[in-house]
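Going down the list, the sequences are from chains F and Z.
Per numbering that gives the first Met the number 0: the first sequence ends with 572, consecutive numbering throughout.
Per numbering that gives the first Met the number 0: the second sequence ends with 102, consecutive numbering throughout.
Worth double-checking, as some hints may not be accurate.
What the hints assert, rightly or not - Coverage of chain Z stretches by chain F, computed from C-beta distances (three or more under 8 Å per stretch; other residues unrestricted):
1) 26-36
2) 61-75
3) 85-92
Everything labelled a hint here was simulated from the structure, so no lab data went into it.
Built from N, CA and C at the ideal position, the CB exists for glycine as well.
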Amino acid sequence: MEFRNTRQGMAWLHTWLGLILGFVLMICFFFGSLSVFDREIDRWAIPDTRFEPQPMPSFDDLLIDVYERTLPDQDEYDTLMPLYHDEAQGPATPREQLPADEYWAYTTHRDPVLRMGIGYRVPQAKNPEEHNHIHANMTIDPRTGADIPDEQLKIGSDWFYPLHYSLNLQWKFIGYYIVGIAAFFMLVALVSGIWIHRKIFKEFFTFRPDKRPQRKALDMHNMTGVVALPFHFFFALTGLIIFASFFYLPVTNTLLKPLHELHEEIEATTTGLPHQRAGVAAPMASVDAMIVDAKKRWDDRGMAGEVGFLMIHHVGDANSYVSIYRAGSDRVALVGEGIHYSAVSGEMIYEDPEKSFAENAGEFLTGLHLQHFEHWFLRWLYVAGGLLGCVCIATGFIFIVEKRKQQHNKAGSQDSRIVDAFAVTVITGMLLATVSMLLANRLLPIELSNSELINSDLVNKGTWEKIIFCGVWALSFLHAVWRSAPVARAQSNPAWREQAFAVGAVAALAVIANWLTTGDNLIKTLLLDPYMAVAGVDISLLLLSGICFWAAFQLPKKHSENTEATQCNQFSG
Amino acid sequence: MTSLWIGFREYVSPVIATFVGGYLFTWGFTSLVISVCVFSGFDFHTAEYTGFLLAFPVFLLTFFLIFLSSYRPAAYLVSYGGGTLMTLCSWWLQLLMIDTGGI
């Protein structure tokens, strides 16, 4: 592969890497945009949780009861116990008798419900030095301590949100790696895009709606690429940094693991926070009293605030300690200002010191990506930036298809059909899968989740919602392929128009279904009994519906063969 | 089949080789930055953050330098060889610190 000059090499990279990985990036950007309001989508999907956000409830009066009544996850126990347990030391500890090793609870300014978790230790472990934990994760109503069943899928935070960084492909974490590679090549595409578009300032102001689709698509691609360029670069970069130590560059968990472990041991001695259990049972002091003290200390430092994250290490042991972190809703960086107490005596052991420049920079960047701060306007700007990224990628696809199908028509090739079908699938197909899942959420009976007659995942409402999401998306691809024959004749694929109509209809139906099944219509959620989380999702669905109907009417029923000469081919190989 | 192989050899394999070379170089660079920082007396987490903040810009730069290089074998040699060398150096520094407890 030889290029005449650097610009030609950059153009090749931009075109082909953008085409191949753009499909993944489209998913990342779209579901990343939805994730900005993941908690609000959860409220829409689980009507029982439509109440105001709550602060961290009392540990002594409420949380401890939840921890003590919870058991380890059955599936995780079945999978991990044989891996962790040393048969030579005796029979495995039954699930009901696994001892808890750590408790945690987490909330934000947008959460009515409280997420909690327990890490259970395996008493007779093969490798006692390792982190042999089997977990239980639960969500409760913090006002009463009642469980919110996990079978009622949190569509926003447990489906859309992980979709944008893992594609929900958990096998060997393959989804994380695919997204990581796509994010890196997003950076490559951005740099190469700047390189090949020399007149970047002029292109920012150039949009010619009266020109042919190919030219319009390129203008729109350039404009959206330039206007949100820092946003796109920043999000791809920080996404990589967030997962660097776990997946993308696990240097300190592999090559430098001995150094890391030595550091942890030394840190435990300097901070006074025990690295290991003592092996001596001890009761727990009042955690509520520690929280009161932590809040006073934050107040003294001029940063009064609520608890965002609470963690109890080495539960029930003489070395147990409680870490209390402040909710970072008033700052960009994540939760912080941790204060640590002895769980036995209740005395403060250690207060996190000021962070170094590199740590502050890292936390600021990841905080900007994860946006735990309370700033609604900025939150909407994030959505706009993410959707501009989708438009940029989508118009890139359209430009390539429009350009190639003219050439392929002359050459009698069918290659454009498959690219066009993929483009339909990740644009209108993705939207159709999303709104279909929301509609299914409102139509499927809740009894599916509560059935005690048949204990099977097949009667789980959340599972059916996932099946419908994936099924509709797969069908949209088959539909796009089936209807793609005109593309080979340099005409438009009717699937664009048909799927746009379907998205418009299903999105509107989802709003109506929400009204009929919960009584929450826009008059109520906006005026009579305001609840913006639900109103926002409804308004977004109606906007989407309107845009899709408008687009469907704009698209030609049957596109005549475009005989104009191809003029915009300087950027494609 | 032949055209597929030619396509792979001409277009796909250089991108994969460039990506792997860039990654290996970045791996070595990051591990060396972290171990040198810790060796110099910086806190481990500060060293870790410093390494990760620098890693991806370095990866991006290395990727472009290899891909656009006029003589790619030399670029492969520098990236693969340099990455391996830096990895070995950081491993050696780590052993030195653990042996002496100098962290």
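Exercise for review: Identify every previously stated hint that the structure contradicts and give their numbers, smallest first.
Suggested key: Going through the list in order, the structure violates no hint and respects every one.
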